[in-house]
Amino acid sequence: MAVVETIEVLTSGPLTSLQDLGRFGYGRYGVPPSGALDIFSLRAANLLVGNKENEACLEITMFGLKIKTLRDVVIAVTGGDLRPFCNDKPLSMWVSFILKEGDTLSFRGMKSGFRSYLAIGGGFFLTEVLGSRSTNLSSGFGGFDGRPVKKGDIFTAHSLHPHLETEGRWFPQDLIPRYRREWRLRVIFGPQDDQFTEEGRNTVLNSPYQVSHQSDRTGIRLAGPSVERRPNVHESIISEGVIPGAIQVPGDGQPIIILVEIVTGGYRKIATVITADLPLLGQIKPGDMVTFEEVSLDDAYEILREMEEKIKGFRRRYPPLPRRLPALHSVCLIQTYGPVCG
Amino acid sequence: MLVELGDEISPEVNRRVRELSVILMENPIEGVIETVPAYRSLLIIYDPLKLDLVMIKNRMEDLQKKIGEIEIPEPKTVEIPVVYGGEYGPDMEWVSQYHSISVDGVIQLHTGTRYQVYMIGFMPGFPYLGELPEGLATPRRETPRTVIPQGSVAIAQRQTGIYPVESPGGWQILGRTPLKLFNPLHSPPALLEMGDLVRFFSIDEKEFKQWQ
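Top line first, the protein sequences correspond to chains Y and E. Read in order, the letters of the first sequence correspond to residues 2 to 343 in our numbering. Read in order, the letters of the second sequence correspond to residues 68 to 279 in our numbering.
The hints are simulated quantities; they were obtained by calculation from the structure and are not laboratory data. Treat the hints with care, since some could be wrong.
[Claimed, not checked] Over 12 angstroms on every C-beta distance to chain Y, these chain E residues come out as not near it, computed from the model:
no. : residue
1   : V80
2   : S108
3   : N125
4   : V145
5   : L199
6   : P231
7   : S269
8   : K276
[Stated by the list, open to error] Straight-line Cα separation of at most 27 angstroms, DSSO-like style, residue types lysine-lysine; simulated pairs:
no. : chain 1 : residue 1 : chain 2 : residue 2
9   : Y       : K101      : Y       : K313
10  : Y       : K53       : E       : K143
11  : E       : K117      : E       : K273
12  : E       : K117      : Y       : K313
13  : Y       : K311      : E       : K143
[Said to hold, decoys possible] Chain E side only, calculated, beta carbon under 8 angstroms to chain Y, not exhaustive:
no. : residue
14  : R107
15  : E260
16  : F275
Virtual Cβ for every residue (Gly too), placed ideally from N, Cα, C.
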């Protein structure tokens with residue numbers, strides 16, 4: 002038997018989907034990156050259970066996911082604290098655990114942050130579509146059948162080796178992000194900051210913005226003081242490529258932080274959230290307050306390198322386990338499509 | 068990094084974007100993870116742990132000098148069948164009345180032009196095609212539709228486009244094509260790519276159904 006059943010979904014919650022580090026190289030065809038919004042937590046979860054960092058995890062939004070294990074598995078939950086419970090006991094986060102066959106794991110509510118990541122030792126058996134296992138929710142491909150997970154779904158492991166020996170790993174306490182309800186995001190100005198007034202630029206840096214309920218994986222909508230454009234500058238521009246973290250300002254002056262489900266846009270971008278702070282965007286929830294702080298491009302690179310060093314240090318301590326593939330021909334039998342087996 | 072090659076929607080500027088994009092694909096820079104060519108710009112997403120802005124700027128300036136110097140393969144021309152009007156093109160009557168021309172006149176104008184794919188965006192496989200003849204320039208619908216069927220061929224201002232999957236949208240729908248614009252299991256995943264040339268031709272309902 003090439004694959005083994007690992008998990009059954011009992012309830013899905015409002016939005017749970019399978020995501021990895023994202024889908025790149027197809028932006029020219031309008032294909033957005035998708036992928037986990039909080040990639041720091043995704044990478045940490047994978048390393049905790051001995052996976053490669055880009056393995057797909059369940060991204061759980063808010064609450065409501067409940068699963069049952071169909072065999073002994075090792076798991077880790079990272080990211081926002083959605084009050085995970087194993088059977089009827091609270092489950093520690095940022096640590097790897099063995100769940101016994103028949104155990105249930107449920108996410109009961111939002112204590113801090115907005116999204117949790119659940120990694121399973123050996124990963125989820127999914128076919129890569131356009132080079133990624135992430136779910137593209139709007140066009141319906143990738144992940145598990147190209148859709149959010151739902152009640153009754155049964156996941157399989159794509160390895161016979163369940164990494165049980167990784168049990169008991171802890172992510173270093175000092176590296177675990179603290180999620181509050183007030184966020185200070187670091188930005189660099191551009192690419193169209195010169196098309197806003199000095200006043201407009203100051204507004205963005207000095208005003209608190211509240212996160213709107215109309216936010217999703219495409220963008221975080223903010224409400225607060227209107228950002229002023231230069232006179233004679235039209236509200237929209239000739240559409241162009243956009244990146245996650247870009248802060249675009251539509252006609253009403255209310256900023257939107259672009260996330261991962263779109264590749265082009267027709268509004269001016271006043272600033273861009275630095276790469277090191279992008280994982281935080283996945284933990285910002287409706288009602289939270291956001292302020293922006295300007296840093297230089299050199300600072301942005303330095304901050305990212307520091308963050309990367311922390312992850313690297315952890316990875317040196319616990320390198321991913323080699324994946325033991327089942328016989329190649331049996332994998333191909335159950336794959337309906339996909340460029341490469343495994 | 069955003070490379071800007073002009074500040075207008077024009078076939079010439081767009082052609083330069085395509086040329087630079089092709090040159091970059093043929094001379095890949097390690098650390099570049101994504102490129103998005105658009106109307107007048109080329110977005111380059113790089114891994115900041117492998118490249119910095121100065122490095123990539125220098126490399127791109129070198130590549131930009133090759134525009135016009137090296138030979139770029141001609142864009143492909145794609146013929147797209149469309150069944151116009153009726154249930155397939157619910158805005159056809161409105162558009163024909165708006166311009167005071169007959170439905171056949173609208174079809175003739177729409178099929179009589181060769182379009183350039185200025186950009187693929189908004190959703191996977193959605194082509195922004197220009198330029199629509201001036202006589203067909205039409206405002207968007209005041210109230211966007213919540214559901215537009217897959218394959219719908221629509222117009223807005225001086226542009227025309229095709230919805231690759233069912234989605235909401237505000238463009239005026241003239242007809243529908245049986246062709247599949249996007250298939251994630253194909254390589255490349257989209258029927259069209261930026262820079263391609265497109266012509267529409269009219270088919271009837273029977274042919275539409277046979278196509279499927």
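Now the hints, each set against the structure:
1. V80: Check fails; 9 angstroms does not lie beyond 12 angstroms.
2. S108: violated (5 angstroms)
3. N125: holds (15 angstroms)
4. V145: holds (14 angstroms)
5. L199: holds (16 angstroms)
6. P231: violated (8 angstroms)
7. S269: For S269/E, whose nearest Cβ neighbour in chain Y is about 26 angstroms away, the distance exceeds 12 angstroms, so it holds.
8. K276: Holds, because the least Cβ-Cβ distance between K276/E and chain Y comes to about 24 angstroms, which exceeds 12 angstroms.
9. K101/Y to K313/Y: violated (31 angstroms)
10. K53/Y to K143/E: violated (40 angstroms)
11. K117/E to K273/E: The hint is violated at about 55 angstroms.
12. K117/E to K313/Y: Roughly 15 angstroms between the alpha carbons, so the hint for K117/E and K313/Y holds.
13. K311/Y to K143/E: Status violated; Cα separation ~48 angstroms.
14. R107: holds (6 angstroms)
15. E260: Because about 7 angstroms separates E260/E from the closest Cβ in chain Y, which is inside the 8 angstroms limit, the hint holds.
16. F275: violated (23 angstroms)
Hint check: violations occur at hints 1, 2, 6, 9, 10, 11, 13, 16; the rest are consistent with the structure.
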